[in-house]
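**Q** Chain by chain, the residues:
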Amino acid sequence: MQKGGFNFDLYQRNVELIEKNNYKVPKTTKTGTTIVGVVFSDGVVLGADTRATSGPIVADPNCEKIHKISDYIWCAGAGTAADTENTTGMISLQLELLSLSTGRSPRVRTALTLLKNFLFRYHGYISAALVLGGVDFTGPHLHMIHPHGSTSTLPYISMGSGSLAAMAVLETGYNSKMGEEDAKSLVHQAILSGILNDLGSGGNVDLCVIKHKSMEFFRNVDTTNSKRKFRKKLPYMFKSGSTKILEKEIEEKMRKMEIVNEKESQIEELEEL
Amino acid sequence: MKKMSFFNFSLTTFSPNGKLLQIEHALKAVESGATSLGIKASNGVVIVTVKKLPTTLIDENSVKKIQKLNDGIGVIYSGLGPDYRVLISKARKKSQQYFKQYNEIIPVNIISRKVAGIMQEFTQSGGVRPFGVSLLVAGYDHNGPQLFQVDPSGSFWAWKATAIGKNSSNSKKFLEKRYKPDMEIEDAINTAILTLKEGFEGEMDEFNIEVGVIKNDKKFRILEPEEVKDYISELNL
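Same order as they appear, the protein sequences are chains A and B.
Note that UniProt numbering gives residue 70 to position 70 of the first sequence, counting from 1, and the numbers run on in steps of one.
Note that UniProt numbering gives residue 46 to position 46 of the second sequence, counting from 1, and the numbers run on in steps of one.
Derived by calculation from the structure, the hints in this document are not laboratory data.
Errors might be hidden in some of the hints.
[Unchecked claim] A short, non-exhaustive set of chain A residues, derived as facing chain B with CB atoms under 10 angstroms:
#	residue
1	Ile57
2	Val58
3	Ala59
4	Asn62
5	Gly89
6	Leu93
7	Glu96
8	Leu97
9	Ser105
No residue lacks a Cβ here, since even glycine has one placed at the ideal position from N, Cα and C.
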């Protein structure tokens with residue numbers, strides 16, 4: 001009986017094809033992202049860019065990469081968009097069920113454990129690299145989760161293709177005594193660094209500030225990188241009369257019917273048509 | 001987990017006069033349970049129940065009869081507590097599954113229908129007995145405030161105001177006189193507590209009743225004992 005998970009029946013055959021038959025492995029498409037998290041005195045700040053790519057094409061210039069796990073636990077996701085969205089969605093449902101059944105508000109470490117156990121089961125085949133941050137009754141927490149299921153707890157984190165650019169900014173600017181405004185500005189600069197220096201990241205900057213029983217989502221806080229010069233306002237509207245009429249032909253669609261008693265005249269009328 | 005057996009027959013079978021006696025017995029179990037009642041107002045729903053514990057030694061904080069299914073739906077019961085707990089678990093899971101599938105918070109009438117479906121299953125499946133509870137489901141969704149009752153048979157229907165459990169017929173008569181269709185939620189809370197007081201054996205205080213309210217903010221809330229105390233003292237004046 002097929003249980004859940006991926007089917008590895010063809011694994012052996014694939015390995016042999018690559019080694020013996022010189023089969024060319026298709027290139028994996030990198031989706032590209034810069035996601036960042038920073039802990040400050042009262043909570044955590046999460047940041048993300050908004051570009052979703054499909055190979056060399058920008059599939060969505062303004063997508064949302066910061067997902068809600070619960071009211072005060074949010075998660076930024078890098079990797080395959082479908083994987084990050086559905087993984088965070090499922091864990092969010094499980095966490096709500098758990099919090100209803102225990103009568104307690106959910107903890108960040110519970111979300112962390114659910115996510116890492118789920119990803120480990122799929123041995124890295126679910127390509128979701130996550131930055132999980134939130135504030136629960138034990139205080140602010142920030143974790144990074146790799147696709148294979150390993151996790152780290154750190155005061156500042158960056159993930160995605162733009163993580164090196166962002167980490168450079170974080171390493172320079174981070175100090176353990178930061179307040180909310182400093183942390184927001186640092187995260188903003190880190191994401192901007194990723195957007196400017198990494199091809200896979202781009203678009204706008206999204207920020208999420210979580211404190212005790214408070215969450216503020218700054219969607220598109222910085223749009224300087226996505227202001228295109230020529231952009232027509234949708235929907236396309238043309239003023240009535242702007243299209244020149246070259247020819248006009250009027251066709252009568254409704255024929256008036258006259259009830260005639262005589263059969264002969266009916267046949268004559270039909271013949272005329 | 002059901003056994004994979006070829007001989008798993010239903011224990012609920014028809015009697016010669018067309019009744020399902022097991023369901024009738026289950027309804028009797030409900031009738032002898034603690035009173036619960038609900039009132040649907042124009043801008044909200046209130047459900048209340050009697051929390052009579054057999055001895056003062058029981059820690060009443062550990063007993064929570066009114067439960068939430070999700071942010072916008074609350075439930076109360078009359079009958080067997082353990083059966084209720086199982087139904088609540090199943091109902092919560094159903095509402096999350098619905099959200100996963102449709103990305104929409106489950107409407108009140110749909111969750112009532114699903115719970116009724118579960119209860120009906122247990123009247124027809126092999127080797128199980130019907131649930132010995134009737135539920136009152138209170139919620140506020142895009143169709144406004146709603147109050148549903150779900151019975152052990154699996155039938156469910158909406159009420160404007162109703163009572164289940166001990167003394168339910170007297171309580172319903174009382175509600176019939178006092179119910180007005182344009183009632184506001186505050187008025188409804190007072191009426192509900194007053195109705196409960198009518199059939200209450202002994203002294204009613206904020207620790208031996210539970211009150212759950214949902215207003216047009218669509219967030220179901222179980223009232224704290226201090227708030228319940230305020231309502232009771234208003235009635236005593």
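**Q** With reference to the structure, classify each hint as holding or not holding.
**A** These are the hints, each one checked on the structure:
1. Ile57: This hint is violated: isoleucine 57/A lies away from chain B, its Cβ roughly 27 angstroms from the closest one there, beyond 10 angstroms.
2. Val58: Cβ of valine 58/A sits 25 angstroms from chain B, so the hint is violated.
3. Ala59: Not OK, violated: alanine 59/A not within 10 angstroms of chain B, min 21 angstroms.
4. Asn62: At about 20 angstroms, which exceeds the 10 angstroms cut-off, the nearest Cβ of chain B leaves the hint on asparagine 62/A violated.
5. Gly89: holds (7 angstroms)
6. Leu93: Since chain B brings a Cβ to about 4 angstroms from leucine 93/A, closer than 10 angstroms, the hint holds.
7. Glu96: holds (6 angstroms)
8. Leu97: holds (5 angstroms)
9. Ser105: violated (13 angstroms)
Violated hints, listed in ascending order, are 1, 2, 3, 4 and 9; each of the other numbered hints is respected by the structure.
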